[in-house]
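K.L.:
So the protein lines, in turn, are chains C and D. The first sequence: position 186 = 186 (this note's numbering), numbered continuously. The second sequence: position 227 = 227 (this note's numbering), numbered continuously.
No lab work stands behind these hints: they were computed from the structure. Model, not experiment: these values are computed from the prediction. By construction, the Cβ of each residue, glycine as well, lies at the ideal position given by its N, Cα and C atoms. Incorrect hints may have been included.
[Claimed, not checked] What the simulated footprint calls covered on chain C by chain D, stretch by stretch (three residues with Cβ under 8 Å from a Cβ of chain D suffice, anywhere in the stretch; the number is not a length):
{"#": "1", "stretch": "203 to 217"}
{"#": "2", "stretch": "328 to 341"}
[Unchecked claim] Quick list of the computed label-pair ranges, beta carbon to beta carbon:
{"#": "3", "chain 1": "C", "residue 1": "D45", "chain 2": "D", "residue 2": "S160", "range": "50 to 58 Å"}
{"#": "4", "chain 1": "D", "residue 1": "R134", "chain 2": "C", "residue 2": "D324", "range": "36 to 44 Å"}
{"#": "5", "chain 1": "C", "residue 1": "G95", "chain 2": "D", "residue 2": "F33", "range": "16 to 24 Å"}
{"#": "6", "chain 1": "D", "residue 1": "L263", "chain 2": "C", "residue 2": "S73", "range": "46 to 54 Å"}
{"#": "7", "chain 1": "C", "residue 1": "D184", "chain 2": "D", "residue 2": "R134", "range": "31 to 39 Å"}
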Amino acid sequence: MHKLAKFVKLACFLVVTTGLTSTFAQVAVSTWGFNMDLINEHITDTFVEQFETEILYDLGNNADRLTRLQLRSDNPEISVVELAPTFAIRAMREGLIEPIDTSRLSNYDALYDWAQDPLGGNHGIGFTVYSYGIVYRTDLIDEPITSWQDLWREDLAGRVSLPNVTTTQGLATIVMASQAWGGDAENPDVGFEKLAELSDDVVTFYARSSELVSLFQQGEVWAAPVLRFAWGSLLDTDLPLAWVAPEEGSVGFVNTVSIISGAPNVDSAYDYINHRLSQEVQSRLAMDIVDSPTRADIEVDAETAEQLTYGDTEMSNLIFLDYDYLLDVESDWIERWNEEIAQ
Amino acid sequence: MPRWAWFLILPATIVLVLAFVLPLSLLFVSSFFAEGGFTFAAYADFASSSASQRAYLRTVRIASIVTLGTIVLGYPAAYAISRVTMRWRVLLIALIILPLMTNPVARTFSWLVILGRTGLINNLLTTIGLDSVRLLYTEGAMIVGLLHLFMPLMMLPLVSAFENIPNDVVPAAQSLGASQAQIFVRVLMPLTVEGLTIGATLVFTGCVTAYVTPAILGGSRRLMLSTLLHQRASTMLDWSGATVVAVVMFLTTLLAMVIIQRLLGFLHSPRGLT
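One chain only, chain C, in its complex shape:
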């Protein structure tokens, strides 16, 4: 009897509470879904408290979510989208996102310059940044790695892993290889030649950072270019590893938040973006190593900073690529990669 009573109570409670919460306004946000428990704690819950608006999420990788936006472009249900660089440019070109009125965002001026308009035309605002550096085993590699060129060193042959061309950092890898050997993004021939030359000595071209972590763990890989957000999981392996900001510069990747063209509930969309950029949210997310902040006024302790893309020296070393150009050449470069570097 007791159990039944408890059950009835619980059922009533659920009905009442779901009834209550659904009286809030709602705004739909398209994002990846990594660290969702922390995102809920630091963004979703604080947002509903402050604005009495619930956030509904559309989760998935960049490609899937962008495709869904394309299919619903006539009558969008989603108001806000968070995307990685090339996908954001693609969304902008297809008219899926609209210019943001930055005067409506009180937190806009607190952002680093490079975070204010990374796409152009105020189509997106950078809410997090991650750098691209090189990680290596300090116990197995005597002479420190300082530049991209070092990956071609004799003593590293057969011990290097590079990202696959289809990863977020794939195109950047071609650019940096070109830059290291005297070319640049517009003249990538030397980069392709050098990568083709290295290809046989590359353990594998990794597709996910989790894959790279196990490769380090298994002792397969001693050095690899890595995105900063994987650095924490690499440190967790307890291997003697070092992070290098290469002398050619660390490529900075900025993820952007944008408003969907013709979005419903635009006011809440602005509230969401402003909230995402607020000092409180940015510092809470930094503290829990979810996102590196794009505001200069976020303070974190040294241990946390180590796992983020953070601090004045780190920021001054960042270089930003021209994703508008990279999207133009993307399919050619992938074909070329398949022909010259893959087997």
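Keeping the supplied structure of chain C fixed, place chain D upon it in accordance with the hints.
P.N.:
What follows is chain D alone, placed relative to chain C:
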């Protein structure tokens, strides 16, 4: 077939048409329309690219080797399993199914531990004084991984085919003076050829479409059709290009099915029991 029987297949037919035939046809038709007109351009691009050609040949080669491998390894084992007592049979079949029930990523990562440079096999080689060899990220690793993964698809239909052979068939053949080899070729083979055909088709199709296992064990450097498909759909958002790969994969498995049936069909000839 009595008329009411049609109603029994109706629900399954509706599901198949809506969830399989219809989308597949749409996919196929859409691959001929690019930039507003009917065109074979996407197919021509695919056929003329040397990377696609390599990926295609590698896919067919690996799928054929793995299919043959599962037959060679699975056939005798399936026979043996069908001959042991029920208790053992249940246990052995459970063991066969195990790889299918493990998460594909976890399963493939355990191969890293075995085949890696400091893995089980290489450790063994170095302890007995030999040089370590590169096993991982080779076509060999892909074949071993797929062989392990798809062995159950070959063995399950074979075990049930062997189980369906009446117990007195072999003694009957023996009493009529058939040698062991004759019993195998003229009695057992023809009676299990259906299981073999089903198994070979499932394994070949599985190999052509597998993504995780070849991607992790072969590394993304060794392109397969599934890798190309993933590149086009998930990175380039090139749906017509991805559709071409999907159609090529589909036609390849269809063709393979016909070939497998023809090849194995001759075993089913009246030289057998009749």
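K.L.:
Looking only at beta-carbon atoms, does the pair G95 (chain C), F33 (chain D) fall within the given range of 16 to 24 Å?
P.N.:
holds, 22 Å
K.L.:
Cβ-Cβ distance between D184 (chain C) and R134 (chain D): within 31 to 39 Å?
P.N.:
The hinted range 31 to 39 Å holds for D184 (chain C) and R134 (chain D), with Cβ atoms some 34 Å apart.
K.L.:
Check the following: the C-beta atoms of L263 (chain D) and S73 (chain C) are separated by a distance inside 46 to 54 Å.
P.N.:
holds, 50 Å
K.L.:
Would you say the stretch 203 to 217 of chain C counts as covered by chain D, given the rule of at least 3 residues with C-beta under 8 Å?
P.N.:
holds (count 8)
K.L.:
Would you say the C-beta atoms of D45 (chain C) and S160 (chain D) sit inside 50 to 58 Å of each other?
P.N.:
Holds, since D45 (chain C) and S160 (chain D) (Cβ atoms, about 54 Å apart) stay within the stated range.
K.L.:
R134 (chain D) and D324 (chain C), beta-carbon distance inside 36 to 44 Å?
P.N.:
For D324 (chain C) against R134 (chain D), whose Cβ atoms are near 40 Å apart, the range 36 to 44 Å holds.
K.L.:
Given as covered by chain D, does the stretch 328 to 341 of chain C meet the bar of three residues or more with CB within less than 8 Å?
P.N.:
holds (count 7)
Consistency with the previously given hints is maintained throughout, with no hint failing.
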